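**Q** Construct the complete structure from the given sequences, taking the supplied hints into account.
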Amino acid sequence: MSTLLSNLYIGLTLASIFLLVGLGLTFTFGQMGVINMAHGEFIMAGAYVPFVLQTTVFASLQGVALLVALPVSFVVAGLLGLVLERVLLRRMYDRPLDTLLVTFGISLLLQQAAKSIFSANNKDVVTPTFLRGQWDVLGVSMTHARLFVVVLVLLALLGVWVFLTRLPAGRRMRAVMQNRDLAAVSGLPTGRVDGTTFFLGSGLAGIAGVAVALIGPIGFGTGTAYILSAFLVVIVGGFGKLRGAIIAAVALGVLNAYVEHFTSSTIGKAAVFAFVILFLQFKPNGIVSLKTRGLTA
Amino acid sequence: MGAKGSWRLPVAGIVGAALLAAGCSSSSSTVETGGSTAPKSEAGNTVKVGVLQSLSGTMAISEVAVKNSALLAIKEINASGGVLGKQIEPLVEDGESKPEVFATKAEKLISKDKVSVVFGGWTSSSRKAMKPVVEGTKSLLFYPVQYEGLEVSPNIFYTGATTNQQIIPALDYLKEKSLTKIFLVGSDYVFPRTANKEIKAYAAANGIEVLGEEYLQLGDTNVQGIVSKVLAAKPQAVFNTLNGDSNVSFFKELKAKGNTTAAIQTVSVSIAEEEVPGVGVDNLAGHLVSWNYYQTTDNPRNKAFVAAYQKEYGADKPTSDPMQAGYNSVYLWKAAVEKAGSFEVDKVRTAAAGVSIEAPEGTLTIDAKNHHVFKTARIGMINAKGQIDEVWNSGKPIAPDPCLDTYSWAAGLATGQARAECDKVK
Numbered sequence: 001m002s003t004l005l006s007n008l009y010i011g012l013t014l015a016s017i018f019l020l021v022g023l024g025l026t027f028t029f030g031q032m033g034v035i036n037m038a039h040g041e042f043i044m045a046g047a048y049v050p051f052v053l054q055t056t057v058f059a060s061l062q063g064v065a066l067l068v069a070l071p072v073s074f075v076v077a078g079l080l081g082l083v084l085e086r087v088l089l090r091r092m093y094d095r096p097l098d099t100l101l102v103t104f105g106i107s108l109l110l111q112q113a114a115k116s117i118f119s120a121n122n123k124d125v126v127t128p129t130f131l132r133g134q135w136d137v138l139g140v141s142m143t144h145a146r147l148f149v150v151v152l153v154l155l156a157l158l159g160v161w162v163f164l165t166r167l168p169a170g171r172r173m174r175a176v177m178q179n180r181d182l183a184a185v186s187g188l189p190t191g192r193v194d195g196t197t198f199f200l201g202s203g204l205a206g207i208a209g210v211a212v213a214l215i216g217p218i219g220f221g222t223g224t225a226y227i228l229s230a231f232l233v234v235i236v237g238g239f240g241k242l243r244g245a246i247i248a249a250v251a252l253g254v255l256n257a258y259v260e261h262f263t264s265s266t267i268g269k270a271a272v273f274a275f276v277i278l279f280l281q282f283k284p285n286g287i288v289s290l291k292t293r294g295l296t297a
Numbered sequence: 001m002g003a004k005g006s007w008r009l010p011v012a013g014i015v016g017a018a019l020l021a022a023g024c025s026s027s028s029s030t031v032e033t034g035g036s037t038a039p040k041s042e043a044g045n046t047v048k049v050g051v052l053q054s055l056s057g058t059m060a061i062s063e064v065a066v067k068n069s070a071l072l073a074i075k076e077i078n079a080s081g082g083v084l085g086k087q088i089e090p091l092v093e094d095g096e097s098k099p100e101v102f103a104t105k106a107e108k109l110i111s112k113d114k115v116s117v118v119f120g121g122w123t124s125s126s127r128k129a130m131k132p133v134v135e136g137t138k139s140l141l142f143y144p145v146q147y148e149g150l151e152v153s154p155n156i157f158y159t160g161a162t163t164n165q166q167i168i169p170a171l172d173y174l175k176e177k178s179l180t181k182i183f184l185v186g187s188d189y190v191f192p193r194t195a196n197k198e199i200k201a202y203a204a205a206n207g208i209e210v211l212g213e214e215y216l217q218l219g220d221t222n223v224q225g226i227v228s229k230v231l232a233a234k235p236q237a238v239f240n241t242l243n244g245d246s247n248v249s250f251f252k253e254l255k256a257k258g259n260t261t262a263a264i265q266t267v268s269v270s271i272a273e274e275e276v277p278g279v280g281v282d283n284l285a286g287h288l289v290s291w292n293y294y295q296t297t298d299n300p301r302n303k304a305f306v307a308a309y310q311k312e313y314g315a316d317k318p319t320s321d322p323m324q325a326g327y328n329s330v331y332l333w334k335a336a337v338e339k340a341g342s343f344e345v346d347k348v349r350t351a352a353a354g355v356s357i358e359a360p361e362g363t364l365t366i367d368a369k370n371h372h373v374f375k376t377a378r379i380g381m382i383n384a385k386g387q388i389d390e391v392w393n394s395g396k397p398i399a400p401d402p403c404l405d406t407y408s409w410a411a412g413l414a415t416g417q418a419r420a421e422c423d424k425v426k
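Going down the list, the sequences are from chains E and H. In terms of my numbering, the first sequence has 286 at position 286, counting the first letter as 1, and numbering is strictly consecutive. In terms of my numbering, the second sequence has 98 at position 98, counting the first letter as 1, and numbering is strictly consecutive.
No lab work stands behind these hints, which were simulated from the structure alone. The model shown is predicted, which means the values in this text are computed figures rather than measured ones. Errors might be hidden in some of the hints.
Within a straight-line C-alpha distance of at most 25 Å, the following computed DSS-like cross-link-like pairs (lysine-lysine) qualify [stated by the list, open to error]:
#1 H:Lys396 to H:Lys347
#2 H:Lys424 to H:Lys385
#3 H:Lys75 to H:Lys86
#4 H:Lys138 to H:Lys303
#5 H:Lys385 to E:Lys269
#6 E:Lys115 to H:Lys385
#7 H:Lys138 to H:Lys385
#8 H:Lys347 to H:Lys426
#9 H:Lys369 to H:Lys311
#10 H:Lys347 to H:Lys229
#11 H:Lys112 to H:Lys86
#12 H:Lys86 to H:Lys317
#13 E:Lys115 to H:Lys311
#14 H:Lys229 to E:Lys269
#15 H:Lys229 to E:Lys115
#16 H:Lys396 to H:Lys385
#17 E:Lys269 to H:Lys75
#18 H:Lys347 to H:Lys311
**A** Structure representation (structure tokens):
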């Protein structure tokens with residue numbers, strides 16, 4: 001029983017990471033169709049933020065540094081995304097496949113920049129006292145650091161949901177994504193909306209960076225470790241669908257945890273990909289797909 | 001970042017085979033023109049040597065420091081009069097973290113630049129890619145990193161540890177401390193799998209119980225499953241052959257789960273001074289590592305080395321085992337050349353047998369037959385400052401035994417090509 005529960009916990013915490021790194025992509029890739037290979041480097045940029053804060057401004061206040069890092073990393077990664085969109089990507093919205101190459105190049109540039117600024121060695125973010133330790137519930141030991149990630153992803157989801165459904169800016173964003181031409185003739189500044197979308201999506205990657213800094217390595221390669229999971233969640237979930245992304249992340253995380261428990265880490269991963277391949281045979285548009293009668297889906 | 005990877009083995013094999021063919025044909029043309037394998041690099045007042053490490057790509061993080069320490073040794077030797085009266089001229093090439101590039105660049109250094117010797121390589125796949133090149137052209141390679149053993153080449157000198165100078169002493173130490181229930185965790189490629197095969201053979205013969213064996217793909221940071229398996233098995237120690245970023249997640253998770261070294265001790269063979277800050281001193285303090293050298297190794301030769309290295313490359317730069325081996329490689333070659341009185345490969349190779357130097361890690365002697373080096377094994381404990389304190393050493397340099405022929409429990413581990421190579425030098 002406790003094995004069953006502890007693997008459920010592992011699966012859910014894994015899902016929370018999948019979801020957090022993939023959430024930003026549901027905007028930039030899912031809604032705008034930009035295959036943003038640099039999304040991982042926005043995560044990386046976010047991961048460096050708590051390191052910088054802990055070693056400079058808040059040298060003796062590690063907990064404060066981590067909490068301050070959340071909004072700061074959102075802005076830092078968001079601005080990186082905004083610059084990328086305004087300078088390069090807006091010129092190539094009719095060529096989605098080219099964005100793959102361009103953003104791949106950008107990701108290499110950002111990795112090299114990280115090496116130049118921070119050296120090639122990994123950096124360490126000190127886990128603040130309030131995130132050390134664990135709770136034992138029904139024989140499952142849950143570490144505070146992982147629970148923090150779960151809470152963070154729930155808050156991020158709530159924020160995104162409020163933004164998309166309750167705020168005018170969010171409604172404008174959905175309008176542009178669902179039908180760009182109609183939105184434009186209705187008087188929406190689609191260019192500015194694109195910028196906002198990219199800022200938001202990239203900023204979420206920054207927040208994901210702070211979360212993964214607590215549990216994994218912080219270095220120039222941090223982004224590459226998570227980019228695949230991010231795309232997987234968006235593709236399986238259905239392009240740009242929050243609900244789909246949540247279901248996909250939970251399904252893949254839990255599947256991975258259980259298969260790994262009974263076999264090995266490598267087979268757990270293989271099982272996830274085998275499942276994704278099979279699944280996409282039957283539902284090529286993902287778990288939740290927008291049904292439309294228009295020719296431009 | 002650790003060592004000896006071979007995650008591109010198939011590619012390396014194909015490229016290696018192709019280059020073996022290429023190497024054969026080019027060496028036969030050398031015979032026609034001159035009949036001698038002596039490189040013409042020593043013309044004039046300089047002698048050319050190749051330094052071939054990854055300066056870009058995923059391995060650059062580790063290998064740049066090895067290149068730097070080799071260049072430091074060359075600079076020091078030149079300042080004190082060079083080798084046989086000639087100044088050393090280093091030609092630095094980038095292996096790009098790709099085995100096939102190592103093979104091409106090694107061939108370029110040997111055939112085009114006519115270097116007397118090549119210093120370089122880190123991953124096992126890079127070494128295996130260069131091996132047919134240096135064997136085909138009958139030239140010299142000094143390889144500076146500890147590796148999985150079971151290899152002998154007439155043209156390669158191995159200046160890092162082989163398994164009986166790193167892994168077996170670590171197991172002896174665990175046994176001495178009565179930590180006899182162990183769990184094996186490693187990255188999923190040739191070095192950890194080979195090492196674990198040897199560890200399991202040792203364990204079976206020495207009353208050590210192996211409670212589990214788990215692998216993570218290189219770079220994988222999803223460690224929760226493995227850590228929970230380790231904790232559930234309740235071992236006394238974990239023998240860790242994880243490489244690179246996986247170590248960060250592994251030790252963070254172990255710490256978060258409340259593990260202390262009193263409950264589960266770990267011994268790592270791929271974490272050195274350079275990697276400690278990246279994993280987090282907090283997460284590593286009190287854990288064990290096994291190498292032949294630490295920055296804290298206490299002798300005058302090492303104090304001079306650390307001071308010279310930090311003067312050249314920065315006071316905050318740590319020194320570690322592999323870079324120290326890169327530094328020693330140059331001095332070992334110099335000693336062999338001076339004993340031979342010549343830069344000719346055959347003479348240097350013969351003269352190298354029994355050559356000895358005083359290195360930062362202690363006295364090093366080249367084994368007459370297998371081209372490995374006598375080294376002192378040292379177990380270290382990571383301290384709160386991120387440095388490593390020696391807690392045990394083997395007392396005297398251990399004779400290298402890459403084929404593990406002197407261990408009865410290891411019978412049958414060397415098979416195929418490894419067996420054939422080992423039998424040649426028995």
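**Q** Holds or violated: Lys229 (chain H) with Lys115 (chain E), Cα cutoff 25 Å?
**A** violated, 35 Å
**Q** Need the status of pair Lys347 (chain H), Lys426 (chain H): alpha-carbon distance at most 25 Å?
**A** holds, 21 Å
**Q** Run the distance test for Lys75 (chain H) versus Lys86 (chain H): straight-line Cα separation, threshold 25 Å.
**A** holds, 13 Å
**Q** Does the alpha-carbon distance linking Lys369 (chain H) and Lys311 (chain H) stay inside the 25 Å limit?
**A** violated, 37 Å
**Q** Are the Cα atoms of Lys347 (chain H) and Lys229 (chain H) separated by 25 Å or less?
**A** Outside the cut-off at roughly 54 Å; violated.
**Q** Would you check the hint for Lys112 (chain H) and Lys86 (chain H), treating anything up to 25 Å between C-alpha atoms as holding?
**A** holds, 20 Å
**Q** Taken at face value, is the distance from the CA of Lys317 (chain H) to the CA of Lys86 (chain H) at most 25 Å?
**A** violated, 31 Å
**Q** Given the hinted pair Lys385 (chain H) and Lys269 (chain E), is their alpha-carbon gap at most 25 Å?
**A** Given that 25 Å is the threshold and the Cα spacing comes to 37 Å, the pair is violated.
**Q** Would you check the hint for Lys138 (chain H) and Lys303 (chain H), treating anything up to 25 Å between C-alpha atoms as holding?
**A** violated, 37 Å
**Q** Would the pair Lys396 (chain H) and Lys385 (chain H) pass a check requiring their Cα atoms to be no farther apart than 25 Å?
**A** With Cα atoms ~28 Å apart, Lys396 (chain H) and Lys385 (chain H) exceed 25 Å; violated.
**Q** Please work out if Lys396 (chain H) and Lys347 (chain H) have their alpha carbons no farther apart than 25 Å.
**A** The given pair, whose Cα atoms are some 29 Å apart, is violated under the 25 Å limit.
**Q** Under the criterion that the straight-line Cα-Cα distance not exceed 25 Å, is the pair Lys347 (chain H), Lys311 (chain H) satisfied?
**A** Violated. Lys347 (chain H) to Lys311 (chain H) sits at ~36 Å, over the 25 Å cutoff.
Against the hints set out earlier in the document, violations occur for numbers 1, 2, 4, 5, 7, 9, 10, 12, 15, 16, 17, 18.
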